[in-house]
Amino acid sequence: MPADEQSLQFSDVNDDVVRSLVETGRNYYIALGVAIFVTLACFFFPWFYQLRYGIAAAGNNHPAVWGTYLASFIFWIGLSHSGTLLSCVLHITNSEWRKAMYRSAEAMTLFSLLVAATMVMVHVGRPWFIHWAAPYPNQMELWPNFRSPLLFDVMAITTYLTGSLIFIYMGSIPDFAAVRDRTTGWRHHMYVLLSLGWRGTDTEWHRLGWAYTFLAVLIIPLAVSVHSIVSWDFAMSIVPGLHQTIFAPYFVVGAIYSGTAGIVTVMFVLRKYMGFEHYITKLHFDNLGKLLIVLSLIWTYINVLELFTGWYSGTSTEYEQLKYKLFGFYAPLYWEMILFCSAVPLLMLSRRIRTSFFPMLLISIAVNIGMYTERFLIVATTQVRQYLPDRWGTYVPSLVEISIIVGSLAMFTTLFLLFVKIFPSVSIYEIKETMDAPKKGKSEWQATH
Amino acid sequence: MARFAAGWRKYRKPGYYDEFDYAWTMSIDLDRCTGCGACVTACQAENNIPIVGEKGIRNGREMQWMRVERYWEGEYPNAKLSFIPMLCQHCDTAPCETVCPVSATYHNQDGLNVQVYNRCIGTRSCAVYCPYEVRYFNYNDHHWPKPLDQQLNPDVSVREKGVMEKCTFCVQRIRQAKDHAKDDGRRRVVDGEMQPACVQTCPAEALVFGDRNDANSKVSRSMNDPRAYHVLEELNTSPSVVYLKKVDADAG
Amino acid sequence: MASNALGLFHDPESALDAAGRLKDAGFARPEIMSPIPIHGVEDVLGPKKSVIKRFTLFGGIFGGLAGFTLAAGTAVLYLHPTGGRPIIAIPPFLIISYEMTILCGILATVLGFLISARFPAIRERIYVPATAIDKFAVTVPCDSGESYGRAETILRTAGAEEVQRIGEDGP
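Chains as they are written, first to last, in our numbering: chain A, 1 to 449; chain B, 1001 to 1252; chain C, 2001 to 2171.
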C-alpha cells in the first residue's frame, strides 16, 4: 500500500469524488468551451459540407475508395478495447491496481465507440439511409445482408456498446448512491434516479457482485470478437495486403495496445487536473507500462510475421505490397509507425521511465500516433497497389478529412469532459476496498459497561 | 419435415441457382482489339456515365465502366504497348456481392452481377473487394448542362452522389430483348439479337456477347478457343468474361 | 408497534459479530449495510442463492437461437444470392448468433440483477447516508418494544456507536 494512502480515510474518498463532480473551475469551462467549438468547427461544419457536395470533399478516388474515415473508425474502435476489456480481465484476475482507473477507462471505451459510430456515418456515401443496415421490418420487406462482414460489424459493435454502457453503469450504482446523498438540485434528482434506490445491503452487494462478474466474463470474449470482426472487414477481401489470416490477432493486439496507451494519457490528465493524485499513483503507471511493453513486443512480432510471409511468398503480389509499404510513396509513414510503436516503447523497459508521469504521457501519445498511422497505412497502401498495375495510384487525405479527424478527437474530449462532471470518474467503493478497512475498536458504550 | 429438408438443401446450395436462365458471357479477342476506345465511348453514351471533367480526372476520379488498360514495356524507340479492355467480369463467385451490408449487389438468375442503385448506401466495400477494380463510385452529383441532358438514355437511371455503379452488360437492353422475345410468343432470345453498347460498337468485332448455356452461340465457340483465359483466374472468381490471348509474333 | 432496530458500527468485524449474535438470538435475518462489500457475510448469516446465473444461461441460449434464426430467417425471406455462397451460410451466421448470445446474456443478467435485488426501489426503504461513507449498519425487524430492547442490548454489546429505532417504512 503506497505510503501516501495510509493517512487517507474513507470519508476523504467521498469528499474528493464529490468535490470533483460539483466544483468546476474556470479552467474546466474554458476547456469545455474550446472542445465544443472545435467539435462544431472541425467536425460538424466540414461534415455538412461533405453531405452537400458528396464524398468528393474527401481525398478519395479510384482506386482508393476507403480513406481516413475508415482508418479513424478502426482507430476509435481499437481505442475502445482498452477500457472495458482491460477492466473485465483485471476484475477476473482480482487485480488491485485496476480499481482506481477502471471507471474512466470504461468511459473512454463508451465514448470511443460513440465517436467510431459517427465516423461510420461520415464515411458512408448516403448516410441518410444508413438505417438500412439495421434489421427492422419494413414495407420494402428487405433485410440487411447478414453474410456481409460489415453486418457482423454492426451486430458486434451494437453488442459491445450496449455491454459497455451496462457494465459501466452497473459498476457505478453504489457510487451514484454515495454521491446522491451529498448533492442537491438537478444533480441530486439525477443521482436518485440513477442509483435505483441502492442502500448497500449485503443482499445488494451479493447480487451486484455476481451480476458484475457474469458481465465481465461475457464481455471478455465479446471484446476479442469485436475487433476480430472489424479486422474481417478487410481480411475477407481477396486483395493483396488485406487478405491475411493474421489480421484478427493483429487487430486485437493493436487495439488493446492503442487502448492501453489511451488509458495512460487519460490517467495523466485526470491525475493532474481532477485532484486524484492519491488514487492514481506510480504503481498504476508502472503496471500499465509493463502491459504496454508486452503488447508492443507482440505487435512487433506480428509485424515481423507479416514481413516474413510477404517476403517468403516470392514474387507474388504480397511481396509487391510489402516492397511498396516499406519503400514506396508511404515509406516515411511506415518507418514512423515502426519508430513510435516498436522502438519508442522499449524505453519503458526502464523502471525509472515507467514510474515517471510525463515521459509516460509522451510515450503513450507517440504510441497512439503510431497506431493511427498503422490503420491509415492498412487502408491506403493496400488499395493503391492491387493486382492490376493500371489501377495503381496514390491517396492523400484532403483538408476536410484532416479537419474531421481533429474534430472527432475534440468530440471525444467533449464527451469525456462532460462525463467527469456527471459520473464519479473514480470508483469510490473500489478505492475503499484497496484501503485498510477501519479497525475494530471499543465504542463509548462498551467502555462504560 | 420433408419440406424442411428440401428447403434446407435448396438454401444450402452454393450460389443458390441450379442453373442460370441465360448465362450471359462476353468474349474479348485481344488479337482483334485495336485499343481504339470506341467501346468506352459507347458505354458512356448508353449508360449516362457522367463526364467527370479535367479536375476530376486529375484527382483520379474517372468514371469508365469499360476502360482500356495500357501497359508500356521498354523505352522509346523500342517501347511496346499492351492493352486490355477491362469491365465488370460478372463473377459467379463475386467477392463484391458478399460484402454489401444492405444487399445492394447480388447475382441474378441470368448470371449477372446486379447493382441496385437505390439500395446502395455507399459503404464502398464492394469496390475494395473487387480485384479487378471495376467499380466506380459517384463522389459528387453530376450535371448535364442543357442541351446535353437531351443525350441521356431514358432507359437508364442517372445516379446521385454516394452510389456505386459498374458495368451491367447493358441490362436495360437485356431486359428489352427478353420482353420482345416474350411478346413474340414466349420464345428465347436469339443469339446476336441483343448486344451491349460496347459489343455493338466495336469496329474490329473483338467483342462477342451471348449466352454460354447455348452451345451454338458465337460466344460459346469463342470459349472453346485454345487462346481463352480469364483475368486473375487464380483468384477463383469464376468470371463471365473470357479473354482470347493475343498471339505475339515478336515474343521469343 | 412494528419497527426496525438499526445499529451503526465503526468497522466491519463488529457489524458482522452483531449480525451473528442477532441471528443466534432468534431475530429474522439481519441486513448489513456497508460502503464496501464485506467478506464473510455468508459464513455468519448463511449462504445466499444466486438466481442470476440462470437468467444469464437462458438469456445466452435464447440469444444464440434468436441470432441464427434472425440471420437465416431474413436470408430466406428475401432471396439474394451473393458471391456463389449458399443462402444459409453457416460461418457468418454463427458469428451473428455468437454476438446475439452475448447481447442477450448481458441483457438477461441485468434483468436478473434488477429482479433479484428488487431494483428500482419504488417505496422508501431503511437507509442511513453514513453507510455510504464509512459506517457499517446492521438492521433487524422488531415486532414489539420488548424485542427492540433485546436487539438494542445485543447491538450495544457488540460495539455499536449508535442505535436507532426506525418505523416500518423508513426513518
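Honestly, I wouldn't trust all of these hints.
[To be verified] Using 30 Å as the maximum straight-line C-alpha spacing, the simulated DSS-like pairs for lysine-lysine come out as follows: (1) B/Lys1080 <-> A/Lys323; (2) A/Lys439 <-> C/Lys2048; (3) C/Lys2053 <-> A/Lys439.
It should be emphasised that the hints constitute simulated quantities derived from the structure, not laboratory data.
_Violated hints, by number in ascending order, as checked against the structure_ = Of the numbered hints given earlier, the structure breaks just one, which is hint 3.
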